[in-house]
Structures are given as structure tokens and as C-alpha cells.
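Asker: The residues making up each chain are set out below.
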Amino acid sequence: MGPEPTPEGIHIRGLSHEYVRGDESVEALRDVALEIPAGQFVSLVGASGCGKTTLLDILSGLLDVQTGAVRLAGRPPRAGRRDTARMFARDALLPWKSAFANVDFALATRVGDAAERASQVERLLESVGLGEFKQALPSELSQGMRQRVALARTFSLRSRFIMLDEPFGALDALTKINLQDRLVELWEQVSASTVVLVTHDLAEAAALSDRVIVMSPRPGRIVADVAIGLPRPRNVRALHATDGFQKLVAGLWETLDSAS
Amino acid sequence: MRRFITLRGFTMKERLTLAGGRLLLIGLWGAAWEVAAASGALPRGLIGQPSEFLLDFFKLVVDGTFPAAALITLEAVFIAFVLGAILALLTALLMTAFPMAERLAAPIIDALNALPRVALIPLFILWFGIGTEQKVASGVSIMYFVLLSYTMAGAKSTDPDHLRLARSLAIPGWRTFLEIIVPSALPAIFAGLRLGMIYTVLGVITAELIAGGKGLGTLVSYYSNTFNPNGVFATLIALVLITIALTATMSRIERSIAKWHAPIAV
Ligand SMILES: Nc1ncnc2c1ncn2[C@@H]1O[C@H](COP(=O)(O)OP(=O)(O)OP(=O)(O)O)[C@@H](O)[C@H]1O
Ligand SMILES: [Mg+2]
Chain A
69 MGPEPTPEGI HIRGLSHEYV RGDESVEALR DVALEIPAGQ FVSLVGASGC GKTTLLDILS
129 GLLDVQTGAV RLAGRPPRAG RRDTARMFAR DALLPWKSAF ANVDFALATR VGDAAERASQ
189 VERLLESVGL GEFKQALPSE LSQGMRQRVA LARTFSLRSR FIMLDEPFGA LDALTKINLQ
249 DRLVELWEQV SASTVVLVTH DLAEAAALSD RVIVMSPRPG RIVADVAIGL PRPRNVRALH
309 ATDGFQKLVA GLWETLDSAS
Chain B
2 MRRFITLRGF TMKERLTLAG GRLLLIGLWG AAWEVAAASG ALPRGLIGQP SEFLLDFFKL
62 VVDGTFPAAA LITLEAVFIA FVLGAILALL TALLMTAFPM AERLAAPIID ALNALPRVAL
122 IPLFILWFGI GTEQKVASGV SIMYFVLLSY TMAGAKSTDP DHLRLARSLA IPGWRTFLEI
182 IVPSALPAIF AGLRLGMIYT VLGVITAELI AGGKGLGTLV SYYSNTFNPN GVFATLIALV
242 LITIALTATM SRIERSIAKW HAPIAV
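Protein chains in written order, with the working numbering: chain A, 69 to 328; chain B, 2 to 267.
Be a bit skeptical, because a hint or two may be false.
As the list claims (entries may be wrong) - Partial selection, computed: residues in chain B whose CB lies under 10 Å from chain A:
hint : residue
1    : Ala-171
2    : Glu-180
3    : Trp-261
Stated by the list, open to error - Pulled from the structure, derived: some chain A residues nowhere near chain B, Cβ distances all over 12 Å:
hint : residue
4    : Glu-76
5    : Ala-115
6    : Gly-136
7    : Arg-191
8    : Leu-239
9    : Glu-253
10   : Ala-292
These are computed hints drawn from the structure, not numbers from a lab.
Glycine included, C-beta positions come from ideal geometry on N, C-alpha and C.
In isolation and in its complexed conformation, chain A is listed as follows (with noise of 0.2 Å):
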């Protein structure tokens, strides 16, 4: 018997995925077993291509469980369940609407008043430092800047899963350790989400995780399971500067070698 499947959490059990294109199929999970408790933040790492999106596609209902079984709070996944939140690869900002449209575009599907939401989206681009920018179309701004507007966009839905995507992929280490302590910050404030974060980096994995999960090549399988146990609240900077931190990541690289 596996763990206990956790009720209020995430529940994968047996799955597996293909896509099939005509005559062509390509195997991107095989038996996946997951068990994430509620409020639990995770981070899912392996080498390109070993099925990590199609993880997230599963579990935010953007694909179908072809097999296995998937449960989120007790209910299998589907698009557009206002309980989950998606956060995109790139930052599939809508590069005619304002920062701000653009964060009220997603929040308007969850409050009805104009004027609640206004003041809402306003505190959640000032919380990621873009107070001012709040007209800037996304042509206007930085890779990084439009980076906090898809954060702050995911994170305006309250929702009690959150699914990002290698939110901070395509940024300098900077940029990235800054806008790793906002998204600290923004879980925090709404600490009772799970959230499912893909990533290709190590340690935005250790610094942001209570638990890094290892997958190994496609057809993705999950081959460990590692426990961050640093105490919360945490400041990713601080952390990078420790001797321990370092250590943990040393460690995570042995076992995602050891994975492929």
C-alpha cells in the first residue's frame, strides 16, 4: 500500500500519458504516484521533456487523464475549476491589455464588483513592486517585470491550487531570486494553496519547496522524493548565502544525475 491518499490535497495514483499523432506516439508519463497534502508547496524536476507540463496540463484540466486516477480536493481536475490557478511557461500575458486589465481579466471571473477588484489588483501589482506601472502595456515592459504581472495574476484568483510553470525561467539570477522572495511572499499571504511548481533550476527548487520531487527521462517516472525541511519564512537571498543551502543543492544534483 502507498501513503495514505490526503483528502483536502493532490492525489495521483497510476498515471500514465501518451500523445498519439497518427501512426506516432510518444510516452511522456508512465505510472505516476503522487500524494501532496494540502498547503504543501512543491517543485517537480527533471531533464526537458520527461513530462513535467504534461503533469500540469493533467492536473489543471487542460488535458484529459487518459490513465490512472488524479484528484484534487476529492474531484478529478477540470478546466476552469475555481479552486485552481495556471500559470504559463512563457507569461501568456494579453499584450493589448494594461498590466492591470490584464490581472482583472482573470480576476473578474472570481468578484463580481468593479470596484472591490480594482482595489485588489491594485494592492497585488504595488505587493510585486508595480505600483506604477499599472497602465504599462506588456510591450512597455521588462521580461521580468511582465513576469510579476503573471504572478500577481495567478495569485489574484486566491485559489487553493496553484500550477506554475517555470515561472522564472527565461531571467537573470537577479531578477530571479527577487521575484522568487515575492512569490514567498504572495504564498504566504494565501498560505492554505498547494502549489505545484515546474522548474529547471535546482535551487529555486531547495530554496522555494517543502519537497522537490525528481522525475526521471521520459517517459517520466518519479524516481525521489526529497523533504526540504528549512524553516519558514524564508528569504531566498539570505539562503543562497549559506554553507547548509549550498550543501542541499549539491545533494538534489547527485540525485537528479543519478536519475537520467
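Assemble the complex: chain A is given as a structure, and chain B with the ligands must be docked to it using the hints.
Answerer: Then chain B with the ligands, alone, in the frame of chain A:
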């Protein structure tokens, strides 16, 4: 907040230099032409002479010949442009709403679009006579396909992540269409409108060349049939100026609506 990126990206000085350079090029070309014609190095009766057709141009503007002919041509251009645009956008709407309709019609539309429209003009004359209607038909037959193909390409260029975002937010289909697919297609639609405008003028002028009447196209064929190259060139100047004015107006409207996007070159 001030916009800190200029889409066009040229300073005033660079623009003046460019405009000056262009004038210089045209001036050199005109001077060489003038010399060749005046000295008899090339037959003046065939190539015309810039000093004379420029003068003709102004005379024909002042005596009302060009304004009257331009109005007649522009009437057909305007009707064909609007009609073609409405029909193309409606077709695109249908095809986006019902992908089956697109798969059904796409090869037929491609085949029709491959047809040389000039060859249809005799048919249009047969159907509609030699008045405005056949010119409109000729213009529409080009405008419709240009805008339809640009609009469909634009709708398909919608970022898949934007559609996934809409799904994950449970945005209803009609709102996804209005708030995501339409704005995504807008830059391509404007490119299609700009190019379609030029082709509508082409379609109408061709119809006038063939069917006669009172428009600018008819003037071109009249002057060329009476061995008056200066008259032909004077009319061409009028046509070029009109087309430039029309596309500049389109670009202006485009810049005020699709601010987030640099115009697509056509
Ligand atoms: N729409 C699709 N059609 C066919 N195959 C696909 C599709 N999407 C993904 N795949 C394949 O499935 C495998 C897993 O893809 P996925 O995007 O989940 O990987 P990933 O772990 O997110 O990779 P990366 O880290 O590069 O983003 C890949 O080998 C890919 O080729
Ligand atoms: Mg991916």
C-alpha cells in the same frame, strides 16, 4: 504614463534625412528622364516628358477633369472596399465559429482566389453592364479574398497559451472569441485592409480600363489610345497620390486602434 518605446523608432532628424533622400532620388530620376526626352535621345512621343506631364497634371486638376474622374473611381472603390470587407469578415466569423465550414470551403476559396480576376471582368460587364456595379464587382472579387486570407491567418495566430489561459479561467467561448481571438487577429486584419485597399483600387481601375465610363482608369486608356503618354503619366500621378492618401488613412486608423502592435508590413 509616458510611452517609452516609439514604435516607428525614427528621430525627426532621421525622418527628414530619409524624406530628403527620397526627394533627391525622384528628382534625379525625373531630371534624367527630362533630359532624355528633351534632347530626343529617347522618343518623346512614347515616354512623355516630366515637365509637361507635371504641368498637365496641374491643369487637369484645376480644370476639374481629375477631381470629377477621381470621385467616380473613388465611389466604386469605397463601395467595393466596404462591401468586400464586410463579406470577408462575416465569412471569417463563420469559419472561426464552425471549423468544419472552413475545412469544407478552404480548397474552394483557394481555387477561386487563384483565378485571374481580370478574366472575370467581361463576365461582370455581361451581368452588371458598364456602370458602377461591374467596377464594384471587380473590386470586391479581389478585396474579399485578400482580407479573408489575412483574417483567417490572424485568427489562427492566436497564442495557444492565451486560449489555455481562457480555458483555465472558464471564460465562455463567445468572450474568448471577442476578447482573445479578435484582438489577436486585429494586426493581420489591418494588414489585410491596407493591402486590400490597394488591390481594390487596382480592381476598379482595371474594370474602368476594360469597360470605359468616366473614372481615372478610363482616362488612362483614353490618353494611351490617343497617343498621349503625358496624359497617361499625369493620370498615374493622380492614382498614386490617391492610393497613398488611402493607405495613409488606414495606417492612421490602425495606429489609433491597435496600439500594442507594430503594424505588419505587407
Ligand atoms: N502536444 C504534444 N504532442 C505530441 N507530443 C507532445 C506534446 N506535448 C508534449 N509532447 C511530448 O511529450 C514529452 C513531454 O513533454 P512536456 O512538455 O510535458 O515536457 P517537459 O518536462 O515540460 O519539458 P520542458 O522541461 O522542456 O518544458 C516530450 O517528449 C514531448 O515531445
Ligand atoms: Mg515544460
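Asker: Next, verify each hint and record whether it holds.
Answerer: Hints, one by one, checked against the model:
1. Nearest Cβ of chain A to the Cβ of B:Ala-171: about 3 Å, under the 10 Å cut. The hint holds.
2. Proximity of B:Glu-180 to chain A holds as hinted, the smallest CB-CB distance being about 8 Å (cut-off 10 Å).
3. A least Cβ separation of about 5 Å between B:Trp-261 and chain A falls short of the 10 Å threshold, and the interface hint therefore holds.
4. At roughly 21 Å from the closest C-beta of chain B, the C-beta of A:Glu-76 stays outside 12 Å, upholding its exclusion from the interface.
5. Separation of A:Ala-115 from chain B is adequate, the least Cβ-Cβ distance of about 22 Å exceeding the 12 Å criterion.
6. Every C-beta of chain B lies more than 12 Å from that of A:Gly-136, the closest at about 21 Å, which supports listing it as non-interface.
7. Non-interface status of A:Arg-191 relative to chain B is upheld: no Cβ of that chain comes within 12 Å, the nearest being about 19 Å off.
8. In this structure A:Leu-239 is separated from chain B by more than 12 Å, as the shortest Cβ-Cβ distance comes to about 18 Å.
9. At the 12 Å boundary, the C-beta of A:Glu-253 stays outside the reach of chain B, the nearest C-beta of that chain being 23 Å off.
10. Annotated as non-interface, A:Ala-292 keeps its C-beta farther than 12 Å from every C-beta of chain B; the closest such distance is 29 Å.
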